[in-house]
Amino acid sequence: MTHKSEFTHHLRRYFQRASEALFKELRSGEELTLSLKAEDQLYVRFNGNLVRQNTNVEQINLTLGYQGGGRTVSQSTTVSGNADRDIPHLLHLLNACREEARVLPSDPYQVPFQNNGESYNEFQGELPPVDQLFDEITAPAAGLDLAGLFAGGASIRANRNSHGQDHWFATETFFMDYSLYDGPRAAKGVYAGAQWNSTDWAANLARTREQLQLLSLPQQNIKPGRYRTYLAPGAVSELLSILSWGGFSASAWKHGYCPFKKLAEGEAKLSPLFTLKENFSLGLCPRFNSMGEVAPETLTLIENGELREFLVSSKTAKEYGLKSNAAERSESPRSPEIAAGSIDEKQILREIGTGLYLSNLHYLNWSDHMSARITGMTRYACFWVENGEIAGPIKDLRFDESMYEALGSKLVGLTSTSEIEPAVGTYDIRSVGGVRVPGMLIDDFTFTL
Amino acid sequence: MIEVLIDGHFGYAGTADLSAEGLKRALDRAIEATRAASKKRVFRFTTEERPNARGEYRSIRQKNLDETSLAEITDCLMAASKAMSISDTIANRVASAMIIQTQTDFFSTSGAEIRQNFDLVNIDFAATAVRGSESQTRTYSKMGQWGGEVFEKDFFVAEAERTAKEALELIEAENCPEGKFDLLLYPDQMILQIHESIGHPLEIDRILGDERNYAGWSFVKPEDFGRLQYGSPLMNVTFDPTQPHEFASYAFDDSGNPATKEFLIKDGILLRGLGSLESQRRSQLLGVANYRSSSWNRAPIDRMANINLEPGALSLEELVSQMKRGVIMKTNRSWSIDDYRNKFQFGCEYGQWVEDGRIVKTVKNPNYRGITVDFWNRLVGVGNADLVETLGSPYCGKGEPNQVIRVGHSSPPCLFREVEVFGGHA
Numbered sequence: 001m002t003h004k005s006e007f008t009h010h011l012r013r014y015f016q017r018a019s020e021a022l023f024k025e026l027r028s029g030e031e032l033t034l035s036l037k038a039e040d041q042l043y044v045r046f047n048g049n050l051v052r053q054n055t056n057v058e059q060i061n062l063t064l065g066y067q068g069g070g071r072t073v074s075q076s077t078t079v080s081g082n083a084d085r086d087i088p089h090l091l092h093l094l095n096a097c098r099e100e101a102r103v104l105p106s107d108p109y110q111v112p113f114q115n116n117g118e119s120y121n122e123f124q125g126e127l128p129p130v131d132q133l134f135d136e137i138t139a140p141a142a143g144l145d146l147a148g149l150f151a152g153g154a155s156i157r158a159n160r161n162s163h164g165q166d167h168w169f170a171t172e173t174f175f176m177d178y179s180l181y182d183g184p185r186a187a188k189g190v191y192a193g194a195q196w197n198s199t200d201w202a203a204n205l206a207r208t209r210e211q212l213q214l215l216s217l218p219q220q221n222i223k224p225g226r227y228r229t230y231l232a233p234g235a236v237s238e239l240l241s242i243l244s245w246g247g248f249s250a251s252a253w254k255h256g257y258c259p260f261k262k263l264a265e266g267e268a269k270l271s272p273l274f275t276l277k278e279n280f281s282l283g284l285c286p287r288f289n290s291m292g293e294v295a296p297e298t299l300t301l302i303e304n305g306e307l308r309e310f311l312v313s314s315k316t317a318k319e320y321g322l323k324s325n326a327a328e329r330s331e332s333p334r335s336p337e338i339a340a341g342s343i344d345e346k347q348i349l350r351e352i353g354t355g356l357y358l359s360n361l362h363y364l365n366w367s368d369h370m371s372a373r374i375t376g377m378t379r380y381a382c383f384w385v386e387n388g389e390i391a392g393p394i395k396d397l398r399f400d401e402s403m404y405e406a407l408g409s410k411l412v413g414l415t416s417t418s419e420i421e422p423a424v425g426t427y428d429i430r431s432v433g434g435v436r437v438p439g440m441l442i443d444d445f446t447f448t449l
Numbered sequence: 450m451i452e453v454l455i456d457g458h459f460g461y462a463g464t465a466d467l468s469a470e471g472l473k474r475a476l477d478r479a480i481e482a483t484r485a486a487s488k489k490r491v492f493r494f495t496t497e498e499r500p501n502a503r504g505e506y507r508s509i510r511q512k513n514l515d516e517t518s519l520a521e522i523t524d525c526l527m528a529a530s531k532a533m534s535i536s537d538t539i540a541n542r543v544a545s546a547m548i549i550q551t552q553t554d555f556f557s558t559s560g561a562e563i564r565q566n567f568d569l570v571n572i573d574f575a576a577t578a579v580r581g582s583e584s585q586t587r588t589y590s591k592m593g594q595w596g597g598e599v600f601e602k603d604f605f606v607a608e609a610e611r612t613a614k615e616a617l618e619l620i621e622a623e624n625c626p627e628g629k630f631d632l633l634l635y636p637d638q639m640i641l642q643i644h645e646s647i648g649h650p651l652e653i654d655r656i657l658g659d660e661r662n663y664a665g666w667s668f669v670k671p672e673d674f675g676r677l678q679y680g681s682p683l684m685n686v687t688f689d690p691t692q693p694h695e696f697a698s699y700a701f702d703d704s705g706n707p708a709t710k711e712f713l714i715k716d717g718i719l720l721r722g723l724g725s726l727e728s729q730r731r732s733q734l735l736g737v738a739n740y741r742s743s744s745w746n747r748a749p750i751d752r753m754a755n756i757n758l759e760p761g762a763l764s765l766e767e768l769v770s771q772m773k774r775g776v777i778m779k780t781n782r783s784w785s786i787d788d789y790r791n792k793f794q795f796g797c798e799y800g801q802w803v804e805d806g807r808i809v810k811t812v813k814n815p816n817y818r819g820i821t822v823d824f825w826n827r828l829v830g831v832g833n834a835d836l837v838e839t840l841g842s843p844y845c846g847k848g849e850p851n852q853v854i855r856v857g858h859s860s861p862p863c864l865f866r867e868v869e870v871f872g873g874h875a
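Quick mapping for you: the protein sequence lines, in order, are chains A and B. The opening residue of the first sequence carries number 1 in this note's numbering; numbering runs sequentially from there. The opening residue of the second sequence carries number 450 in this note's numbering; numbering runs sequentially from there.
Check each hint, because a few of them may be wrong.
To be verified - Using 16 Å as the maximum straight-line C-alpha spacing, the simulated EDC-like pairs for lysine to aspartate or glutamate come out as follows:
| # | chain 1 | residue 1 | chain 2 | residue 2 |
| --- | --- | --- | --- | --- |
| 1 | A | Lys254 | B | Glu583 |
| 2 | A | Lys254 | B | Asp537 |
| 3 | B | Lys847 | A | Asp428 |
| 4 | B | Lys602 | B | Asp524 |
| 5 | B | Lys488 | A | Asp135 |
| 6 | A | Lys262 | B | Asp835 |
| 7 | B | Lys715 | B | Asp673 |
Quick caveat, the hints were computed from the structure, so don't treat them as lab data.
Next comes chain A alone, as it looks inside the complex (with noise of 0.2 Å):
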């Protein structure tokens, strides 16, 4: 087994001096937050069990948040790690964040910087070497026509300020975020943690290979309509993702656009049997933001079907006058829990009677905000059940549903277990995070086409 951790050591006093280096350069009237992501990684993509491509990255970004005359800068770039070489270029960034904030109107909404404490969280992990990795992953998997991506080494997010804020959170873990094929038909599987094992893998995939094989019965020829349909945690935690786009949003719903405007204006209400909240007791991510803000370990954003917070930025807080619950600016959840429910996932197939179940949806999108109406497509290993027992795969739907619909009237109820599902984003860097969903049982649901 190998540790990233030396890259992990050696950011944390790289990151320091960094910094020290440009608060001291810093003049009167200037303040200056430094935001740090990196990763060690090697990614590895897999098709028919074989490697496509195989990337090491090693990435070290840092953003600068520069205060100075009432006007605010970020300047953003990539560094090699070398704090001789590195902190020259720094400083020649800060000079360029002095020289836009000369030609910028002033920032009506700055929130000035702030100390928002310190915090320190390091998690090592344990992953194959590079040269038993390719075995370890393909070897269970012989005969198997699998394809995916495996995920592995350092992330690192840190914040530090000019007030002296220091927070650093590193983690070393892995995902193999993989399906299994059988000509068209395919079932989908995700294995990841910190310590990689070897039969924890083999189980892993021996369950996703369970439900390939359920999906050589007789397929169904379900015409669109609308029909009791239950939706496992990896569909959940894809609408959960789409909800997430500014449902939930303070800023979203101030300018016009957030699809729960009704919800936070009192003109419509979920389910009861609805919670949702921000748990960062999960330990998947930080809980400081961008900014370094510390978010509140948990908060409740609905609650029985009611809205109890949207999540609020510092700038929107300034800009409309609310309080800030210090989310990021996008203002979207980032470790989010739906709450269990009383269904016993076991039963689920008689729950469901006569009806769908939907493992996975793939590529939603808002159809229509006014309404919190999301379009979108069944994916993998979703199945007719008739009479409680399943009948055999069907073939892609489409479906087009209102969430005050569905999360409202609709909704029969949520299993009473839920899966951690955790964050497979790699867009430019790994992402760090995840979310905690249970199953869930909804009547009538729409499909299309």
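Dock chain B against chain A, hints included.
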């Protein structure tokens, strides 16, 4: 980004440490992982997939972006934002500019030496009108490879004002009717239709299954090339990275392959896929120069560049006159399509209801849905060259690890017969 070829397998290591020591460390890591991975390689490649090319490319511009001051740009955007402030009903205004200058240098041990410099500009305006629980947003975009000449204050002020006026118009408008109607798509929706239902399904790495675990597979089969009637005979689609000012123009892809214009679909028949030299070798299909990385930290994959629908012969008046009962739709606002690129549903910001060849009224929340090949075979009218608009997207997502890259699309307005159309719900 360092690429190595070991035992027929390409592997990569990216670092921002460009010192000799940093590059050596990245090279060693690329070699270590690639040597181990080559025992499980998906295909045996050779240096033939890395042409020995030399050359340069630079975006065409009249004025260097470096010579356009931040003050000028800010002034232009502030003026546009102010121009949208035409009513208290406009609750939010956005004016933004994204300016990217990129230089790529490509060297290989096979002798390739390529330098490309890109000047990219993306300007967006948005006005949101709010009344009670109703809100409507109208947007404007201009994007492409430009210099500082693109910041024309008077032009942007006029476009910003129109954008806000149309947001107000939508607040007053009726919902788009539901039914099977003629559908006239303006270029700023056509680009999305082209992107999702032509560009992605023709990517050969999707057809080969590389993308199955992320964005998905494709309904297009290798045997469809040269045979499939993808759309009506009016449909002509090209891959063209040679267009001046289009967002994804370049001279070479990131394998060093020289870029040329190629027909993907001619007279409605599918001819060629979007596949790099690696995908062409694996699939034995005709491809293009489209092996592209989003940045230094990602390996190249098959990508769209500029995918354009070639103009036809009809004026706007002639297109509208062919509509018995139908809807004109402008500017994409919602998009979703399945993982095989068959069943889509798209929504637009602005609609107009047409009866007997005449525009009758504005309608809000216009949406339509369909299935790719069936939809393109409903194409009955293509606008002429004067009506072509060139746009694109800075945010095309694909790949594992994920990559977001710029793409360009141009199209005239196009008319489709008997499409399933619907509006918003109360």
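#### Entry: Ascending list of hint numbers which this structure does not respect
Number 6 only.
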